[in-house]
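K.L.:
So the sequences go chain by chain: A and B. Residue 93 is where the first sequence starts when you use the numbering used here, and the numbers rise one by one after that. Residue 93 is where the second sequence starts when you use the numbering used here, and the numbers rise one by one after that.
If you are wondering where the hints come from, they were derived from the structure by calculation, not from laboratory data. Heads up, a few of these hints could be off.
It does not matter which identical chain is meant; a pair holds if it fits inside one copy or across any two.
[Unchecked claim] Quick list of in silico lysine-lysine cross-link-like pairs, DSS-like style, CA-CA up to 30 Å: (1) Lys155 - Lys527; (2) Lys280 - Lys154; (3) Lys119 - Lys430; (4) Lys217 - Lys430; (5) Lys297 - Lys498; (6) Lys430 - Lys344; (7) Lys119 - Lys155; (8) Lys155 - Lys479; (9) Lys217 - Lys105; (10) Lys154 - Lys541; (11) Lys406 - Lys154.
2 protein chains.
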Amino acid sequence: MSKPSHEGMAAKKKENFDDWYTQVILKAELADYSPVSGCMVLRPSGYAIWEGIQTATDAEFKKAGISNTYFPIFIPERLLKKEAEHVQGFAPEVAWVTQAGNSDLEERLAIRPTSETLMYEVVSKWIRSWRDLPMRLNQWNNVVRWEFRHPTPFLRTREFLWNEGHSLFATREEADAERDEILGIYKKVTEQFMAIPGYLGRKSKSETFAGAEATYSIEHLLPDGKAIQGPDWHSDGQNFSKAFDITFIDQKGGKDHAWQNTWALTTREIGVMLAIHSDDRGAVVPPKLAAVQVVFVPIVNDESKEAVLAEARKLAAELAGRFRVFFDDRDHLTPGRKFNEWELKGVPVRVEFGPRDMKEGQAVLVRRDNGGKRTVKLASLPDEVGKELETIQDSLFQRASEELSKNTRDATTLAELKEILSQHGGMIRVPWCGKAECEAKMKEETGGKILNVPLGQGRRKGRCPVCSEEAGSIALFGKSY
Amino acid sequence: MSKPSHEGMAAKKKENFDDWYTQVILKAELADYSPVSGCMVLRPSGYAIWEGIQTATDAEFKKAGISNTYFPIFIPERLLKKEAEHVQGFAPEVAWVTQAGNSDLEERLAIRPTSETLMYEVVSKWIRSWRDLPMRLNQWNNVVRWEFRHPTPFLRTREFLWNEGHSLFATREEADAERDEILGIYKKVTEQFMAIPGYLGRKSKSETFAGAEATYSIEHLLPDGKAIQGPDWHSDGQNFSKAFDITFIDQKGGKDHAWQNTWALTTREIGVMLAIHSDDRGAVVPPKLAAVQVVFVPIVNDESKEAVLAEARKLAAELAGRFRVFFDDRDHLTPGRKFNEWELKGVPVRVEFGPRDMKEGQAVLVRRDNGGKRTVKLASLPDEVGKELETIQDSLFQRASEELSKNTRDATTLAELKEILSQHGGMIRVPWCGKAECEAKMKEETGGKILNVPLGQGRRKGRCPVCSEEAGSIALFGKSY
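Here chain A stands alone, though its shape is the one from the complex:
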């Protein structure tokens, strides 16, 4: 057990989101600052969330036939430069190794900001014929992007953890067909585990990943009205396979370049999740990802201490067979102090059990998300705790979805767009003709940007608020984190 937090929350979510967010992360002991500016420490409760996300996502990857691998963290400078757009996108943020021991290296080595260039140089040697395709590889690793903007735990850090998926196909059709599978996995993990909703759509050209032909993303909404990008999937076409000479003999005996995609989900997503669910009493963590799902607090007085503790221990042990349980019998803290601590840390369900409960054959369940309290019979305690955890999981997603709907508005003119953005923030649906200059104008006029063009919207009516031409689609617009 790490030490109890001696101080509770001070900032309010609605009044000062930035301070509130940082307090939640630090006081709930999910992450901490480090001596390296912009790099954070994931503490046990924070890392446990990442382990939960990894486990859920990785199981889906494995079902899809994707294999995990590990490639070196270093990328020689000459390789990073092989795909022109890609290096332009990343060069300003690359951390460079130039010395080893007492020697200067002959060539600078980039700490991977992403592994395309290194991986493809190697993978090109593994592929000979169409029989070697598809090849779908993934890495769970650390990457470094030396950003100079203000760092925030989880949301913007110079080093972060992620999955980077890289797949190669024999045809464009097969490559494209991967999109819905991967984004479906990300949608499932974000919705069903992290309990956060989002809009899935295609990024505009100007927001497309460096070196990719198309980028699709899930866009979330933070409580301060800013949008933030979640997991993404990129269609690279043959850009990299041409730069790295990834060729194969096709079924007719000809030579062709592979079609490639990449996709990622990062530890940033943990920050989004915590920002959305947490409240002024501290962290709220969805039950499926909480390091501790149930805290059992025995409430004792001097006469009944031994008997209550013995029974409580038995009950907690039974719960521990089904859930991640912490039995809090620390005797130097009052129950109230314990309640505050576990609320701050975001444990989804608290079980209270005292002398009177023992007499009545009951226990009290308290929900972290809404403070709801109810008494349950001991015989059905494990089942009731299970139900409570499911209810909390569902209700967090429900509430976040309602919040997102409520904060998604429509605009048809630039003036409307500007007004909604400055008054409410949030997500704004706006018709868009698809032209880069109209996108640039909207951005310039409002300070927001096109987040993505949501999928599955069919053919909508409307006119581009800039050029007044008929808009092929509705774009999702907002201020982005």
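Since chain A is already given, all that's left is putting chain B on it; use the hints.
P.N.:
This is chain B only, laid out in the frame that chain A set:
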């Protein structure tokens, strides 16, 4: 599926161990070289072994109450220098980041060769009182040690993956008591999963980890007669807690420094495992860690093709409910070619199933480790495959243990030590008085070194071969990788 290996093994294990080992790793597609000298790529089958080791080890860590965390990969130079012996041990091998984007950094950042200094700077702020102890943290991450010796996949690479455990206790007694628990976990994982035996003991002072008071290791024997160090556990005493000011208020209200240990198991261990079990036909991977445990090869002729394939598919699907199965129905390869490929890759059990087997209601099981073949009834196929996998797992450990015993010899004089070492290599038990100068003399005279002083040997008789004084213990001596 990655491409079939078009070339089999050429080198022989007994004739040219180094070439043979590299061929096994590369041709079985377990790992590959990378464009960064000394850094390797873990291919899917190789990484799957690491995932298996991680899963087994991590489950034991969690049972022991150890929490996973993630700390930054960068260590500011001033921090790395805070513990004098520690920095001396690592400085010659540190990779330094000196630039980010287009800027020079004000202070060089080390890529972690190990995380003591960074972690303890942070952890010192998490600990206030004895109630915060013990604190037992672990990381599964990548580290970099820029060695200039000849790199070998898994066995010696500049970047490698590992677990680094770091624990803090209120008393020396509690800290010391952790030793057997952690080494017990490593012993279990190496013996029961990797099927490799080793000698557990305490390193001499000259071989102790930089900054530690004592180092304990498991020492393995490679087939070329060289010893190689496996997982280790270090008692750091209060060295780091004094350098990093990790203090706590003890139960009496006084201030004390924490007692610390660290422990690690690395991807090197995969190389040791493969070197010990594999043979001249390629890799041999213990069933518990094999990416594919069972390859099912239907054997078809023109008349019976559809019927055999349909039945084979059904059988393989049933097996897949219990084991990691690959159903090899590729029709451009002959069965013989497939057998060779899967033997090269080290899949523990092959199931052959042809028209005649179908008629007889049977299948043929072939063991990778010894080529043993037997026919089993289809009704009991899953059970028989399960038994076969267990038998192989046990027999690999059995054989490796016999090999280790056979190659462990006794010496009582320097001349004997020298002779055994040059004639046989292997492990040599030799009495040792405990003095550093006698250790140095043995090393100088023979080219070998003291690997460790095995635990649990009681008080042995014997005299140090150098000084002729009574030896307190028997040391394990050998040429080390």
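K.L.:
So, for every hint listed, does it hold in this structure?
P.N.:
Hint check results:
In this homomeric assembly, Lys155 and Lys527 never come within 30 Å of each other (Cα to Cα): the closest approach is 39 Å inside a single copy and 58 Å across copies. In the homo-oligomer, the alpha carbons of Lys280 and Lys154 lie at most 30 Å apart both inside one protomer (15 Å) and across protomers (27 Å), since each shortest distance falls under that limit. Only within a single protomer do Lys119 and Lys430 lie at most 30 Å apart by alpha-carbon distance; the minimum there is 14 Å, versus 58 Å between protomers. In this homomeric assembly, Lys217 and Lys430 come within 30 Å of each other (Cα to Cα) only across copies, at 21 Å, whereas the closest approach inside a single copy is 58 Å.
Proximity of Lys297 and Lys498 under a CA criterion of 30 Å is satisfied intra-copy only: 28 Å inside one chain copy versus 67 Å between copies. With identical chains, the CA atoms of Lys430 and Lys344 are at most 30 Å apart between copies only, with a shortest distance of 24 Å across copies and 70 Å within one. Taking the shortest Cα distances, Lys119 and Lys155 sit within 30 Å of each other only across copies (26 Å), while inside one copy they are farther apart (38 Å). Taking the closest pair of Cα atoms, Lys155 and Lys479 come within 30 Å of each other both inside a single copy (28 Å) and across two copies (26 Å).
In this assembly of identical chains, Lys217 and Lys105 lie within 30 Å of each other by CA distance solely across copies; the values are 26 Å between and 52 Å within a copy. For the homomeric pair Lys154 and Lys541, neither the shortest alpha-carbon distance inside one copy (36 Å) nor that between copies (45 Å) is at most 30 Å. For the homomeric pair Lys406 and Lys154, the shortest alpha-carbon distance between copies (21 Å) is at most 30 Å, but the shortest distance inside one copy (38 Å) is not.
In the structure shown, a violation is registered for the earlier hints numbered 1 and 10, in ascending order.
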